[in-house]
Amino acid sequence: MEQFVALVQAYTALGLGIIIGLGAIGACIGIGIMGSKFLESAARQPELVPMLQGRMFLLAGLIDAAFLIGVAIAMFFAFANPLLAKLAH
Amino acid sequence: MSTEAASGGLTEYIQHHLTHGTATLGEGFWTVHWDSLLVSAALGLIFLVWFGSKARKATSGVPSKGQAFVEMVLEFVDGQVKDVFHGDRRVIAPLALTIFLWVFLMNAMDLLPLDLIGGVARLVGGEEFAHHFYFRAVPTADVNTTFAMSITVFFLVIFYSIKAKGGGGFTKELFTAPFHAHGFVGKVLLSIPNFFLNLVEYLSKPVSLAMRLFGNMYAGELVFMLISGLMVSAIGFLPGVLINAGWAIFHILIIGLQAFIFMVLTVVYIAMAHEHH
Numbered sequence: 310m311e312q313f314v315a316l317v318q319a320y321t322a323l324g325l326g327i328i329i330g331l332g333a334i335g336a337c338i339g340i341g342i343m344g345s346k347f348l349e350s351a352a353r354q355p356e357l358v359p360m361l362q363g364r365m366f367l368l369a370g371l372i373d374a375a376f377l378i379g380v381a382i383a384m385f386f387a388f389a390n391p392l393l394a395k396l397a398h
Numbered sequence: 003m004s005t006e007a008a009s010g011g012l013t014e015y016i017q018h019h020l021t022h023g024t025a026t027l028g029e030g031f032w033t034v035h036w037d038s039l040l041v042s043a044a045l046g047l048i049f050l051v052w053f054g055s056k057a058r059k060a061t062s063g064v065p066s067k068g069q070a071f072v073e074m075v076l077e078f079v080d081g082q083v084k085d086v087f088h089g090d091r092r093v094i095a096p097l098a099l100t101i102f103l104w105v106f107l108m109n110a111m112d113l114l115p116l117d118l119i120g121g122v123a124r125l126v127g128g129e130e131f132a133h134h135f136y137f138r139a140v141p142t143a144d145v146n147t148t149f150a151m152s153i154t155v156f157f158l159v160i161f162y163s164i165k166a167k168g169g170g171g172f173t174k175e176l177f178t179a180p181f182h183a184h185g186f187v188g189k190v191l192l193s194i195p196n197f198f199l200n201l202v203e204y205l206s207k208p209v210s211l212a213m214r215l216f217g218n219m220y221a222g223e224l225v226f227m228l229i230s231g232l233m234v235s236a237i238g239f240l241p242g243v244l245i246n247a248g249w250a251i252f253h254i255l256i257i258g259l260q261a262f263i264f265m266v267l268t269v270v271y272i273a274m275a276h277e278h279h
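These protein sequence lines map, in sequence, to chains V and Y.
Heads up: the first sequence is residues 310 to 398, going by our numbering.
Heads up: the second sequence is residues 3 to 279, going by our numbering.
It is worth saying that the hints were derived from the structure and are not from the lab.
Possibly wrong hints are sitting among the right ones.
Unchecked claim - Distance ranges between label pairs, derived from CB positions: (1) Y:GLY128 - V:LEU393: 31 to 41 Å; (2) V:ARG353 - Y:GLU14: 47 to 57 Å; (3) Y:SER206 - V:GLY341: 25 to 35 Å; (4) V:LEU348 - Y:ALA43: 42 to 52 Å; (5) Y:PHE53 - V:LEU348: 34 to 44 Å.
Cβ atoms here follow ideal geometry from the backbone N, Cα and C, with glycine treated the same way.
Please take these sequences and the hints and turn them into a complete structure.
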């Protein structure tokens, strides 16, 4: 029984790492590309900065969202693992 | 609730904080998260009373600081709506304002100290009562709240589609929209993939809207719990306070951003509903 629990926990921990790690990679690359483009366009046309800033924050939230949903799911599995709850019965 | 964490460990501490206060009204689905309902209703009322009283007392003379703030928020939201939605915005702009401030206030409950309500419950009812007293102060970290809001938006989108195009136009667009064909056979053949794509498009809107807000708030709440759960000792107290403060400062950005995104996307979806293909 304990071995089963350890197995489930080990695989869950690996999964959590992958969820958070890959999500973070994607979100960081996205934010990086968007930020660099924003700075480029701000340097080219400074008068557009207020308009672009609002849109940049909007998109930053959109890019971040998928990652944070992943983090939320990962955290949920870390503290209330439904796979382990099944074993208790 | 540091004593409880010491006795029950980190997992129990977090699980206690992740349990909703529920009230069972009947069989099956009839279970209500009264904490989310109570907090969201109270915050909605606060918003209405606050803005309503400022609007009634508004003068065209020198505005008070409160009136200036309300006007600032109003103009900000109205400007955002004006950028996206071209048409009569007598309904859309107040809707956007309500969504923005309501979601903002609900998100801002994340900044309440985590153990404040549990601590009050302990002061009032004692240790045993507090142990069985579950209360989550952030309504938007509850899937039910976010889905309730996004499904309302979904129905509004459908309502405005039908209003802009008529019942026939709306149904026609469901079957002919992304791929256009000439001739009767092509139209019939393409109607099935068209309908399927439209269905996915319509259903993905409320799901992504709700999950985005929920995921952000839930993750933010959990990080607060992790920090205060891991820093329960006397040595960890000061670093815990500092790290929590740091995360709270960063979280202010997320609170405003998510409320803003929910508002803008609602307006964008409704504006898209008015477009003809």
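Hint check:
no.: 1; hint: Y:GLY128 - V:LEU393: 31 to 41 Å; verdict: holds (32 Å)
no.: 2; hint: V:ARG353 - Y:GLU14: 47 to 57 Å; verdict: holds (55 Å)
no.: 3; hint: Y:SER206 - V:GLY341: 25 to 35 Å; verdict: holds (26 Å)
no.: 4; hint: V:LEU348 - Y:ALA43: 42 to 52 Å; verdict: holds (43 Å)
no.: 5; hint: Y:PHE53 - V:LEU348: 34 to 44 Å; verdict: holds (37 Å)
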